[in-house]
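K.L.:
Letter by letter, the chains look like this.
Number of protein chains: 2
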Amino acid sequence: MVRPREHAFDALTGEVRRLFHQLAAVVDALHDLNASQRAVLERLLRDGDQTVPEIARACRVSRQFIQVLVNELLERGLVVAMANPAHARSPRFRVTDSGRKRFEAMKAKERALLDRSPVPATAPEMQAAADVLRRVREHFEALDASR
Amino acid sequence: MVRPREHAFDALTGEVRRLFHQLAAVVDALHDLNASQRAVLERLLRDGDQTVPEIARACRVSRQFIQVLVNELLERGLVVAMANPAHARSPRFRVTDSGRKRFEAMKAKERALLDRSPVPATAPEMQAAADVLRRVREHFEALDASR
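Line by line, the protein sequences give chains Z and F.
Under the working numbering, the residues of the first sequence are numbered 1 to 147, in order.
Under the working numbering, the residues of the second sequence are numbered 148 to 294, in order.
One should not assume that every hint holds.
[What the hints assert, rightly or not] The calculated label-pair distances, taken between Cβ atoms and stated as ranges, are: (1) Ala252/F with Lys101/Z: 45 to 55 Å; (2) Lys248/F with Lys101/Z: 32 to 42 Å; (3) Gln211/F with Ala29/Z: 12 to 22 Å; (4) Asp194/F with Ala123/Z: 43 to 53 Å; (5) Glu285/F with Arg134/Z: 16 to 26 Å; (6) Lys248/F with Asp144/Z: 26 to 36 Å; (7) Asn218/F with Thr122/Z: 37 to 47 Å; (8) Arg134/Z with Ala259/F: 42 to 52 Å; (9) Ser90/Z with Glu285/F: 40 to 50 Å; (10) Ala252/F with Glu141/Z: 43 to 53 Å; (11) Arg134/Z with Lys248/F: 48 to 58 Å; (12) His87/Z with Ala252/F: 24 to 34 Å; (13) Thr243/F with Arg111/Z: 24 to 34 Å.
[What the hints assert, rightly or not] Sample of chain Z residues at the chain F side, in silico, Cβ under 7 Å: (14) Leu23; (15) Val26; (16) Cys59; (17) Val61; (18) Arg63; (19) Phe65; (20) Pro120; (21) Ala130; (22) Leu133.
By construction, these hints were calculated from the structure, which means they are not laboratory data.
Don't be surprised by glycine CBs; every beta carbon is placed ideally from N, CA and C.
My request is simple: use the sequences and hints to build the entire structure.
P.N.:
As C-alpha cells, this is what we get:
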C-alpha cells in the first residue's frame, strides 16, 4: 500500500534530523561556542531577557539542559543574571555587550561562509520550505497543548 | 540592506531547529524510547548492522553520544552486538526481533496519530521541502569534506 503523504512526511522529518545535526557540525567547526549555546544567545537577543524555564519551554527541551548552557554562557561573561521581581528564585538572563559582540562576530563569519559558498537553493525555495516546516511544527504544538 | 537569501536561510535553519525539538517532544510523549534511541533503531533497520563509529559519523554526532544510546538499546534487548571480523574491538550492532517488533509498533502508533490528525501540508509540499533541506545539507557536507 503506497501512502504518499506518509512517505513524504518520513522524508521530511528524516531530512530535518539530518540537517539539524549537519548545521550543528558547521557551527562547531566555525565557532568556539557550540550550536546550542549559540541558539540560546540568539533567542535572548531576539526575544529579550528570559528565565531558564522560559527558554526551555520555548525550545521544547529540558530545563536541566538549558541550565547547563546558561551556566556556560555566564562563565564566559556572555550573559548576566538580572533580578526577577516576578520570581525571586528564577533570574532572567540578559546578553552582555560582550555577548552581543560575540554573536555579531559569529553571524559575520557565517555570512562570509554563505557568500563564499552559497547554498544551492533560492530565497523563495527556502521560504517555502520554512513555511511547510512551520505549519508542521504548529500542528504538533497544538496537539501537545490539547493533550 | 535587505539580503533575501540570507533572510530565507535564517528562517529555514530556525524552523529546522524548532521542528527538530518539537518532533523529539512528540516521540517522547508517544513512546517509551526517546527520539535519539528511535533514530538509531531506524538507521540500523534501514541501513543494516553498523558499528558505533559508523553511526556517529553518519549522524554527525559524537561517538560517546551514540555509545550511550546503543548501551540503552542493548540493555532493553532491542539490539545485539555481532562479531566484526574487520575490527575486533568495534562490534557491529544488529536489531533483534524484539527491536524490530518494537520499532514496527512505534511506527504504527505514529501512523495512527497522523491519520487522526493529518499534518496541514500536502505530499508534494513536504517532498519539495525535504528536497530543499537535502540540497542544503549536501552542500555543507561537501564543504566539510573539502576542509
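K.L.:
Work down the list of hints and note, for each, if the structure agrees.
P.N.:
Results for each hint:
Our hint of 45 to 55 Å for Ala252/F and Lys101/Z holds, since their Cβ atoms are close to 51 Å apart. Checking the proposed 32 to 42 Å range against Lys248/F and Lys101/Z shows it is violated: the Cβ atoms sit about 54 Å from each other. Roughly 18 Å separates the CB atoms of Gln211/F and Ala29/Z, a value that falls within the hinted 12 to 22 Å. Between Asp194/F and Ala123/Z the CB atoms are about 34 Å apart, so this pair departs from the stated range of 43 to 53 Å.
Remark: the range hint 16 to 26 Å for Glu285/F to Arg134/Z is upheld by a beta-carbon distance near 23 Å. A hinted range of 26 to 36 Å holds for the C-beta pair Lys248/F and Asp144/Z, which are about 28 Å apart. For the pair Asn218/F and Thr122/Z, the beta carbons lie near 44 Å from each other, so the given range of 37 to 47 Å is met. Arg134/Z and Ala259/F have their C-beta atoms about 24 Å apart, which leaves the hinted 42 to 52 Å range violated.
Our hint of 40 to 50 Å for Ser90/Z and Glu285/F holds, since their Cβ atoms are close to 42 Å apart. The given range of 43 to 53 Å is broken by Ala252/F and Glu141/Z, whose C-beta atoms sit roughly 25 Å from each other. At about 35 Å, the CB distance of Arg134/Z to Lys248/F disagrees with the hint of 48 to 58 Å. In this structure the supplied range 24 to 34 Å is violated for His87/Z paired with Ala252/F, their Cβ-Cβ distance being about 42 Å.
Taken as a hint, the range 24 to 34 Å is violated for the pair Thr243/F and Arg111/Z, whose Cβ atoms sit roughly 48 Å apart. Residue-level restraint check for Leu23/Z holds (minimum Cβ-Cβ distance to chain F is 6 Å; threshold 7 Å). For Val26/Z, the interface hint holds, the least distance from its beta-carbon to any beta-carbon of chain F being 5 Å, beneath 7 Å. For Cys59/Z, the suggested interface contact is upheld, since its CB lies about 6 Å from the closest CB of chain F, less than 7 Å.
Contact between Val61/Z and chain F, as hinted, is supported at the beta carbon level, the nearest pair being about 6 Å apart and thus within 7 Å. For the restraint placing Arg63/Z at the interface with chain F, the shortest Cβ-Cβ distance is roughly 14 Å, beyond the 7 Å limit, so the hint is violated. Residue-level restraint check for Phe65/Z is violated (minimum Cβ-Cβ distance to chain F is 10 Å; threshold 7 Å). Interface hint status for Pro120/Z: upheld, as the beta-carbon distance to the closest one in chain F is roughly 5 Å, under 7 Å.
The closest approach between the C-beta of Ala130/Z and any C-beta of chain F is roughly 4 Å, which is under the 7 Å cut-off, so the hint is satisfied. Proximity of Leu133/Z to chain F holds as hinted, the smallest CB-CB distance being about 4 Å (cut-off 7 Å).
When each numbered hint is compared with the structure, violations occur for hints 2, 4, 8, 10, 11, 12, 13, 18, 19.
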